[in-house]
Structures are given as structure tokens and as C-alpha cells.
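K.L.:
Let the sequences and hints guide you as you build the complete structure.
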Amino acid sequence: MSRAEVLDGPGAGLPVAAPAPVAFARLLRSELRLVLGRRRNLVLLAGLALVPVVIGTVLLVTRDSALSGQGPAFLAQVTGNGLFLVVAALFLCLPFLLPLCIGIASGDAVAGEASAGTLRYLLVVPVPRTRLLLVKALAALTFAAAAVLAVAVTGLLVGAAFFGVQDVVLLSGSTVPVGEGVVRVAGIVAYVGLSLTGLVAVGLFFSTLTEVPVGAMAATVVVAVVSTVLDSLPQLSAIHPGLLTHHWFDFAEFLRVQVDWGVVGSGLAVQAAWVAVFGSLAWARFTTADVTS
Amino acid sequence: MTSTHDADGDLAVRTAGLTKRFRSGQVAVDGLDLAVPRGAVYGFLGPNGSGKTTTIRMLLGLAHPTAGRAWLLGSPMPDAAARVLPRVGALVEGPAFHPYLSGRANLARLDAGDATADPRTSRRRADAALDRVGLSAAATKPYRQYSLGMKQRLGLAAALLQPRDLLVLDEPTNGLDPQGTREVRHLVRELADGGATVLVSSHLLAEIEQVCTHVGIMSRGRLLLQGERAALTEREAARLAVTTRAGQADAAAEVLRGLGLADVARDGRALPGGAGTARLTAALGPTPPEKVSAALVHAGVDLVGLEVDRPSLEQVFVELTGEGFDVAR
Ligand SMILES: Nc1ncnc2c1ncn2[C@@H]1O[C@H](COP(=O)(O)OP(=O)(O)OP(=O)(O)O)[C@@H](O)[C@H]1O
Ligand SMILES: [Mg+2]
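Here the protein sequences come in this chain order: P and Y. To convert a position in the first sequence, counted from 1, into the numbering used here, add 5. To convert a position in the second sequence, counted from 1, into the numbering used here, add 173.
Bear in mind the hints are in silico, worked out from the structure with no lab data behind them. A quick note: this is a predicted structure, and the numbers were derived from the prediction, not measured. There could be a bad hint or two in this list.
Just a sample of chain P residues kept apart from chain Y, beta carbon distances all over 10 Å, derived [claimed, not checked]:
#1 Ala23
#2 Ser35
#3 Leu39
#4 Gly52
#5 Leu72
#6 Ser73
#7 Gly76
#8 Phe79
#9 Leu97
#10 Gly122
#11 Gln171
#12 Ala195
#13 Val217
#14 Leu241
#15 Asp255
#16 Ala281
Chain P is faced by these chain Y residues, among others (derived, beta-carbon under 7 Å) [claimed, not checked]:
#17 Leu233
#18 Val265
#19 Ala269
Glycine included, each C-beta is placed from N, C-alpha and C at the ideal position.
P.N.:
Okay, structure coming up:
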């Protein structure tokens with residue numbers, strides 16, 4: 006709607022709409038306050054933040070015992086360098102905990118409003134449907150970013166406090182200085198965050214299909230789990246490159262001497278494709294569906 | 174923009190053949206032609222499940238009609254939603270808000286979505302709306318802790334956040350105590366006095382009957398009748414009761430039929446006039462009562478009494494829909 010569009014019809018003092026970007030920003034602020042202020046979401050973030058604390062504590066306690074050094078990749082390195090707690094915690098959260106939290110937030114985005122009945126009142130305000138969907142998508146993405154950061158930041162703090170921060174030993178065994186190591190870990194955090202955007206789009210789409218938020222949440226998590234299962238079947242290797250979760254663990258690329266940007270780029274391209282497909286589906290569905298809740 | 178069509182420029186709400194068939198195959202709204210004049214208080218009546226809420230959803234662009242069209246304030250819906258809806262306050266199938274936000278925060282949330290709302294006046298308008306529905310004292314209470322009537326009031330407050338030209342209120346008195354119901358009637362009258370058009374749906378006729386200037390009656394998705402309230406309860410549906418000497422009942426019935434009155438019947442009830450009298454009833458139709466009495470007298474019938482029974486809106490309604498309001502209660 007253009008800036009100075011004045012409504013036709015009789016009567017004085019007809020409402021004039023603010024420019025679309027201004028109206029968008031105002032609604033987005035309200036939405037972010039709602040999503041990030043919601044107790045359930047804060048509990049989820051707190052739960053995620055607890056993961057590095059638990060891992061760090063376990064590693065600290067068992068540091069000098071026979072159990073030290075066991076476990077999945079990155080874990081063994083944590084006691085030598087607190088920076089690796091960020092990587093280890095993300096590695097452990099990525100298969101299930103992060104998809105779960107993101108499925109909850111994005112599956113709830115539209116379905117939650119529909120089930121509460123607030124959707125119909127937003128639409129008659131009127132909030133244009135495309136604007137509402139965009140705001141919901143941005144808020145869900147913000148929550149996903151907050152989820153990843155909750156793990157990363159507490160990982161960094163706990164790791165630094167428990168084990169200190171040293172020069173980073175890469176996968177090949179060569180060492181880079183702390184400064185570069187931090188940049189590389191930041192790259193991992195960013196890659197993990199961007200890797201989850203496809204799942205956010207899937208959740209948003211499911212969220213437009215139903216008035217039952219739990220259904221949309223569960224379906225979203227199931228998509229992530231099924232993708233992982235399919236990814237583990239060698240018979241299906243032909244479709245593996247396109248799977249939602251196939252490239253998730255390519256974040257390890259940032260720990261090679263020479264980061265292969267082709268690998269990073271293709272991982273992000275797959276996410277972009279999922280976002281494009283499911284974002285479009287969500288838009289097509291939401292802008293045409295009857296709101297009968 | 175020249176969206177004000179000549180034909181419906183004076184109609185706040187108009188629909189043409191509005192139809193909604195759900196995927197279940199059920200036709201919830203069937204060829205509806207609503208006409209709500211500007212400035213009217215339009216009572217949109219109908220028993221449970223008659224299609225009132227479904228109609229309102231289509232008017233507001235929440236649901237798409239299977240067929241037919243709708244105009245609000247002269248502009249086609251849902252195409253003109255962004256322009257028209259800021260001037261429309263609505264309550265659709267009960268209030269709905271975020272349970273953990275306070276009443277005031279919920280209003281702020283809705284206001285944040287309104288591109289035509291001035292953020293600087295948001296708080297003041299929210300407080301004024303809360304005050305108007307008597308919720309000021311509960312403004313900071315979480316919605317979750319509101320009573321049913323308080324929730325309904327908050328829904329009304331949301332509809333009053335901005336000055337409105339049209340209010341679409343679906344069952345606004347639902348859950349309110351008698352005092353609250355009176356207040357809603359008062360509010361509706363006040364809004365209408367301020368120049369707004371009010372479309373108010375209800376299955377509880379008595380609650381809104383007194384404030385309506387116009388009435389539309391729905392049943393099974395069809396609009397059985399609409400028009401000015403006074404006209405509906407006028408002559409058309411009025412019944413005539415004639416009391417004569419018992420022996421002249423047949424002659425009187427003959428006269429009534431001769432006048433073209435329908436539904437002539439002998440009323441078997443005990444009569445105040447005693448055993449010597451008989452009572453006949455008939456649908457008066459457009460015939461003036463004085464013409465009936467003249468014809469009876471002319472035919473030599475001794476007229477003991479003649480009454481014209483103008484039905485209440487409720488009687489009209491029950492006659493039309495065949496369903497009592499008891500169903501709704
Ligand atoms: N989403 C839907 N899917 C299928 N049928 C529906 C849907 N919503 C409503 N209906 C049906 O449409 C008919 C009209 O419903 P509607 O809610 O419009 O009635 P109403 O007049 O508002 O009733 P009430 O006075 O009880 O509020 C009902 O028979 C209902 O079962
Ligand atoms: Mg209804």
C-alpha cells in the first residue's frame with residue numbers, strides 16, 4: 006500500500022495506512038516480543054543452554070579418570086581447549102534437540118494462533134496474510150538462531166571457564182592461533198544456524214495446514230528424523246544430497262586447513278532450496294486457506 | 174478509487190448470492206442476499222447452525238465464498254480488505270486472545286498489526302476501549318484469568334480500538350450477565366447514534382430485539398426474510414381474532430374467506446364472552462382491519478369483539494424457522 010493512500014467513501018478522518026515497511030517492523034517487534042517472551046520458549050532455550058553445562062561438567066569431573074577421551078568426535082578435544090565445547094555441544098544437539106526445539110517453535114507459528122482463535126482477529130485487524138506469514142517466518146528463524154546461540158554462547162562461556170581457550174588444533178593436526186580458531190568456530194555456529202532454516206520452513210508449512218499446533222510440531226520433528234534415517238540407507242544414496250539433514254554435519258569443513266567452500270556452499274544451497282519450496286508452499290496455503298478456527 | 178457503486182452506496186453490507194459449501198458437502202450459506210443500510214442496527218438472527226458465523230467469516234474475508242459476492246462499506250471483499258477492514262470492528266464467534274498476555278497487552282498486540290493505527294496513541298486508545306467496556310480494573314490481569322463475561326468484554330474492546338464505520342458483532346452478549354447484556358445494548362445504541370452501522374448476530378432474539386432497526390432471519394443457510402424491524406412485525410404477519418355469536422360463526426368465516434383472508438379457523442378455547450360466543454382467527458395479511466369489521470357488519474354478523482394481534486419478532490421468527498429459541502438456550 007502506498008504511503009499516502011487515503012480511503013475513499015464518505016466520512017471524515019479516514020484512516021491512512023503507514024508505509025508497508027513501517028507497519029511490518031511494528032508487527033515484527035510485537036511478534037518477537039511474543040515469541041521470545043513466551044515462557045515455554047524460554048524454557049526450551051534454557052534447556053539447550055544446559056547441554057554444554059552438563060557436557061562441560063561431566064568432562065571436567067572425568068578428566069583424570071580412565072573414562073577421559075572416550076566418546077564422539079570433538080568431545081575428546083574439549084578438555085584441552087574450551088573452544089571445542091561449542092563444537093561438541095552443537096554436534097550433540099544437532100541430531101535431535103535442536104530440531105525438536107525448532108519444530109516446536111515453527112510448528113506453533115501459525116497453528117498456535119489458529120488454535121487460540123487469535124488468527125482470525127489478526128486477519129480482520131487487518132494484517133495482510135503475506136505480511137503475517139513473513140513476520141511469523143522471521144520470528145521462527147529468530148528463535149532458531151536464539152536456540153543455536155544458546156548452545157554456542159554457554160558452550161563458549163563454560164568451556165573457557167572450565168578448560169581455558171587455546172590455539173585450535175585442526176582435523177589434520179595442524180594448529181591455528183586462537184583468533185583464527187574463534188573465527189572458525191563462529192563459522193561453525195553460523196553454518197549450523199543456517200542449516201536449520203530448511204526445517205523452519207518445513208515447520209512453518211505444516212503450521213499452516215492445521216489448527217493443532219502439536220501436530221505441526223510433531224510432523225516437523227518427524228521430517229528431520231526421517232531425513233536422518235533415509236540418509237543412513239546407502240541404497241538411497243542417489244537422493245542423499247538433497248536430504249534436509251544430509252549436509253548438517255559438514256560444519257566440520259571449518260576445521261580443515263583449507264575450508265572447501267564448495268562443500269559449505271552446497272550445504273547452504275540445499276537449505277535454500279528447502280526454504281524456497283516449503284516457504285512457497287506455506288505462502289500458497291496460507292494466503293488461500295479459509296480460516297475457520 | 175471509485176469503488177462506491179451507485180446501487181449499493183447507501184449499503185454498509187451487501188451480498189449477492191453469497192454461498193458457502195464446506196468440503197464436507199454441507200451448504201452452510203445458500204444464496205444469501207444481505208442488504209444492511211448505512212446507519213442501521215441490523216439484527217442477524219437465526220437458530221444455532223443456521224450459517225450466521227459462516228456468513229460473517231465470508232464478509233470479513235476469513236473464508237472464501239463458494240459462489241456469490243460481498244461488499245463492505247461499498248467495496249468488494251476480500252479484495253478491498255486492506256482498505257476497508259480498518260474501518261470495521263469485529264467480534265467473530267467469541268473472543269480469542271493470548272492467554273498469558275494481559276487484556277491491555279492483547280489489545281496492544283492487535284494494534285501493532287494495524288497499519289492505520291498510530292503507535293503513539295496505542296496505549297491511550299486501548300485504555301479508552303477498556304474503559305468503554307468496563308474492563309479498566311482488569312487491564313493488567315492475564316487473559317487466562319478473565320471470567321467468560323470479561324473475555325467477551327475484551328473482545329468488544331478490541332472491536333472499539335479505532336473509530337469504526339461498521340461493527341460486525343457475532344453473538345456479543347454470549348456469556349454476559351444481565352447487566353452486561355444491557356450494557357452491550359447500550360453500547361450498540363451509542364455506536365449507532367455515533368453514525369456507525371452495526372450488524373449484530375444472535376440466536377437470543379430477546380437480547381437484541383430492542384435495539385434493532387432492521388432484521389434478517391436465517392434458517393438452514395437461507396435468508397428467510399429481511400427488512401425494517403417495524404415492517405416485519407406489521408400487518409403482514411398480524412393475526413385477526415373475531416368474536417361473534419356462536420350461531421353466526423360459519424357466516425363470519427364465510428365473510429373472512431370472502432375477503433381473501435387465509436388460515437381462517439375456529440378457536441376452540443374457552444372464551445371470556447361465555448358459552449354463547451365463538452371465536453375465529455385468521456391471518457390478516459394486507460387487509461385493513463376496519464374493512465373486516467365493516468364487511469362483517471354488512472353481512473349481518475353481530476360483532477362481539479375484534480382484535481388484531483401483531484406478533485412479536487419472536488413469534489415471526491418461530492413461525493418462519495419452525496424452531497423455538499429454546500433450542501438456543
Ligand atoms: N469448518 C466447517 N466445516 C464444515 N462445516 C462447518 C464448518 N463451520 C461451520 N460448519 C457448518 O455450517 C453450519 C453453519 O454454521 P455456523 O457456525 O455458521 O452457524 P451459526 O448460525 O453461527 O450458529 P450459532 O448460532 O450456533 O453460532 C453448521 O451446520 C456447521 O456445522
Ligand atoms: Mg455462530
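K.L.:
Take the hints in turn and mark each one as holding or not.
P.N.:
Outcome of the hint check:
1. In this structure Ala23 (chain P) is not separated from chain Y by more than 10 Å, as the shortest Cβ-Cβ distance comes to only about 5 Å.
2. With a closest Cβ-Cβ approach of about 4 Å to chain Y, Ser35 (chain P) is found to fall inside the 10 Å limit, against its non-interface label.
3. Residue placement check: Leu39 (chain P) does not keep its beta carbon more than 10 Å from all beta carbons of chain Y (closest about 7 Å).
4. For Gly52 (chain P), the non-interface assignment is confirmed: its Cβ lies about 19 Å from the closest Cβ of chain Y, beyond the 10 Å cut-off.
5. Once the 10 Å rule is applied to beta carbons, Leu72 (chain P) is consistent with being away from chain Y; the minimum gap is 44 Å.
6. For Ser73 (chain P), the condition that its CB be more than 10 Å from all CB atoms of chain Y holds, with the nearest at approximately 45 Å.
7. Look at Gly76 (chain P): its CB is around 40 Å from the nearest CB on chain Y, clear of 10 Å, so calling it non-interface holds up.
8. Every Cβ of chain Y is farther than 10 Å from the Cβ of Phe79 (chain P); the closest lies at roughly 39 Å, confirming the non-interface assignment.
9. Chain Y leaves Leu97 (chain P) outside its interface by the beta-carbon criterion, the shortest separation being 32 Å against a cut-off of 10 Å.
10. Against chain Y, the non-interface label of Gly122 (chain P) is violated: not every CB pair exceeds 10 Å, the least being about 3 Å.
11. Once the 10 Å rule is applied to beta carbons, Gln171 (chain P) is consistent with being away from chain Y; the minimum gap is 45 Å.
12. Separation of Ala195 (chain P) from chain Y is adequate, the least Cβ-Cβ distance of about 30 Å exceeding the 10 Å criterion.
13. For Val217 (chain P), the requirement that its beta carbon stay farther than 10 Å from each beta carbon of chain Y is met, with the minimum near 16 Å.
14. For Leu241 (chain P), the non-interface assignment is confirmed: its Cβ lies about 35 Å from the closest Cβ of chain Y, beyond the 10 Å cut-off.
15. Residue placement check: Asp255 (chain P) keeps its beta carbon more than 10 Å from all beta carbons of chain Y (closest about 39 Å).
16. At the 10 Å boundary, the C-beta of Ala281 (chain P) stays outside the reach of chain Y, the nearest C-beta of that chain being 26 Å off.
17. Because the smallest distance between the Cβ of Leu233 (chain Y) and any Cβ of chain P comes to about 5 Å, under 7 Å, the interface hint for this residue holds.
18. Hint status for Val265 (chain Y): holds, given a least beta-carbon distance of 5 Å to chain P, under 7 Å.
19. With 7 Å as the threshold, the beta carbon of Ala269 (chain Y) comes within range of chain P, its nearest partner Cβ sitting at about 3 Å, so the hint holds.
Figure legend: structure checked against the earlier numbered hints; hints not met, in rising order: 1, 2, 3, 10.
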